[in-house]
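Q: Given next are the chains, with one letter for each unit.
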Amino acid sequence: MKRYDLIVVGAGPSGLSAAIEAAKKGLKVVVFDENEKPGGQLFKQIHKFFGSKEHRAKVRGFVIGQQLLDEADEAGVKVVLNATVIGLYQDKEVVVKLGGEVVHYKGDAVIIATGAAENMVTFPGWTLPGVIGAGAAQTMMNLHGVLPGKRVLMLGSGNVGLVVSFQLEQCGCEVVALVDAAPRVGGYGVHAAKVARTGVPFYLSHTIVEAEGDECVTGVTIAEVDSSFKFIPGTEKHFDVDTICLAVGLSPMSQLLKMAGCKMEDNPKRGGQVPISDSYGQTSVPGIFVAGDVSGIEEASSAMIEGRMAGNVAAEYLGYIEKDALKEELDTLDKALDGLRQGMFAPSNRGKLIEKTDEGIEVSQSLLKNGYIADEEIERFPGVVRKVGVHPVIECTQNIPCNPCQDACKKGCISIGKNITSLPIVVDGSECINCGMCVANCSGQAIFLVDEDKGDGSAEITLPYEFLPLPEEGTKGFGLGRDGKVVCEAVVTKCRSSKAFDKTHLLTIKVPKEYAMKARFFKVS
Amino acid sequence: MAERIKEHPILGDIKKGEPVKFTFDGKEVMGYEGEPIAAALKAAGLMVHRYTKKEHKPRGIFCAIGRCTDCVMVVDGVPNVRTCITPLTAGMEVKTQYGVSDKPFEEQ
Ligand SMILES: Cc1cc2nc3c(=O)[nH]c(=O)nc-3n(C[C@H](O)[C@H](O)[C@H](O)COP(=O)(O)OP(=O)(O)OC[C@H]3O[C@@H](n4cnc5c(N)ncnc54)[C@H](O)[C@@H]3O)c2cc1C
Ligand code: SF4
Ligand code: SF4
Ligand code: FES
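As they're listed, the protein sequences go chains A and B.
The first sequence begins at 1 in my numbering and counts up by one.
The second sequence begins at 1 in my numbering and counts up by one.
What the hints contain is simulated information worked out from the structure, not anything from laboratory work.
Do not rely on the hints blindly, as some may be mistaken.
[As the list claims (entries may be wrong)] Derived coverage of chain A by chain B (criterion: at least 3 residues anywhere in the stretch with Cβ under 8 angstroms from a Cβ of chain B; other residues may be distant):
#, stretch
1, 169–179
2, 219–226
3, 456–470
Heads up, the beta-carbon is just placed ideally off N, CA and C, and yes, glycines get one too.
Same shape as in the complex, but just chain A (with noise of 0.2 angstroms):
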């Protein structure tokens, strides 16, 4: 049987972390993924993540995947790719099936990393071809460069949900409606202004009646529901899709720790069935560590601390570092996890229903049941501020771990302060050089630079566009409003690509002034 002081258990953003960190101090490590591909889930997001600088913020996943790749080759971490962990048992021995081979390891110390795996819904019709899960279509547009559907309705509102609709567009899909059970989206709200703008109707408290179709799906009917999630009579809509996509949430992927004989807990909070682990990862068997989805559902950058600290804690537990260099470590990594579990979306907030955000300021309602802010409200926020001349309008209006904004302005016209769960907010006498790096950055595409009047009549608006065509100087067409609906006509008077707005290429469009603080998005007419 083969020996590794530490086996991991998926190269996801974890286990990568974990192996990384534990290579670093000198064990002999291997990794196992049953992809062809290592990264997890990294792989197939293809969007700015939040965060801050420490957490690789504003940087795509991918190329996040990619980066944590290359640091496990340096340190001497081996991969195994098409390798899928069918055992685990208590003395740490790791059985793996490799191709058509089943071989067995034994690891000093283990760690599971093996993130989460979709939640189904059923409803009549689910099983027709053409309702898929949320993953398949990112695996198809992102990973083997095919169209998931052309028209598509979206079943879910959480990250995930709402990500993939607005990948789904920009490969050019249509998503036909956004549809959720819940009464209020459950994502971050830029995620879903960013969906909303371009045109896509949310419909909260509706779920899907039935899929229809008889060789594959060619319709979808949805209706309301009532608090106790019935369907009210008389509140059907029928779409013509021939894709539903589903987004209802994940679940750890826990079976090799049960397996093992770890103790175990069905914490909702968590997302269902965890090992019970203390906080850096330790499971109820010495020498079997988990982190990253596995141990709860979160983000990739929280899954990259928690790695960090299992590995560390691994090399500690074979006696590879001592236990004082053990805290110094733990303590940063403490301190860094705190700050991403701050805010309304911290996993001790889940389920609970939030009406100010730590500033005090009422959230927006009409965020949480359509998607996009109104425009009555849109001016309560600190970072939405009227100005002479180009000036920064930041539409981020709920208390999210993010701040590349703040790094992003040279100027100083864009503060979060320490914080990093407070709004941002646009800093009293500063000077704005229309560079366009805050607007390219913001990983929720949440900031316009908008000049409300240029003495003609006129206003200008630029916004981020990560979409192909992209429209050329002189272009007409209309501004839509943050509802995705026709507000005004709109001329485009600038398009600005550049290697450090990595692919958000910023629209400038001209619209009547009164427009100015409305119109958010373009469409060619």
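Add chain B with the ligands to chain A, keeping to what the hints say.
A: Structure of chain B with the ligands alone, referenced to chain A:
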């Protein structure tokens, strides 16, 4: 192939293997070597991979990562091949699976 992404705003050109021919129920279809069989079928607009044994209900891609077994087909005579994680090669014979056979139910 109408359903391929020509140019992606973030990913640019998505790297593909050599174009190859294979057959679906005897008809010639084009795909790219090394991509999952299911991706090639999807790009060609082919949705139904199999019919269930008891109720004869159609199934197609669902998870696309080899977990659900909805996408299994008869490939080069072998039934129950998960097409979403099996790479395409030139000349592959891919057939709709009826129950566990490539013969339609009325011929079984
Ligand atoms: C659409 C979407 C958008 C997201 N956006 C963001 C974002 O903006 N910011 C952010 O921070 N996070 C985001 N996330 C979340 C983030 O991707 C996950 O939280 C993170 O990937 C979890 O990391 P992990 O290492 O725990 O698990 P994963 O990334 O899921 O990796 C686990 C790996 O283990 C493998 N595995 C599982 N079981 C076995 C086995 N038995 N044998 C071998 N291998 C196995 C899996 O195949 C996988 O490769 C997003 C997620 C999704 C789905
Ligand atoms: S455009 Fe440039 S100067 Fe103006 S706020 Fe944004 S980053 Fe700062
Ligand atoms: S405005 Fe700042 S904090 Fe809000 S999403 Fe954009 S980068 Fe993050
Ligand atoms: S689609 Fe689920 S196994 Fe292939």
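Q: Under 8 angstroms between beta-carbons, do enough residues of the stretch 169–179 of chain A, three at least, approach chain B for the coverage claim to hold?
A: n = 3 at 8 angstroms, threshold three: holds.
Q: Would you say the stretch 456–470 of chain A counts as covered by chain B, given the rule of at least 3 residues with C-beta under 8 angstroms?
A: holds (count 3)
Q: Report holds or violated for chain B covering the stretch 219–226 of chain A, Cβ cut-off 8 angstroms, minimum 3 residues.
A: That given contact is violated, which follows from only 0 residues of the stretch 219–226 of chain A lying within Cβ reach (below 8 angstroms) of chain B.
Of the numbered hints listed earlier, the single one contradicted by the structure is hint 2.
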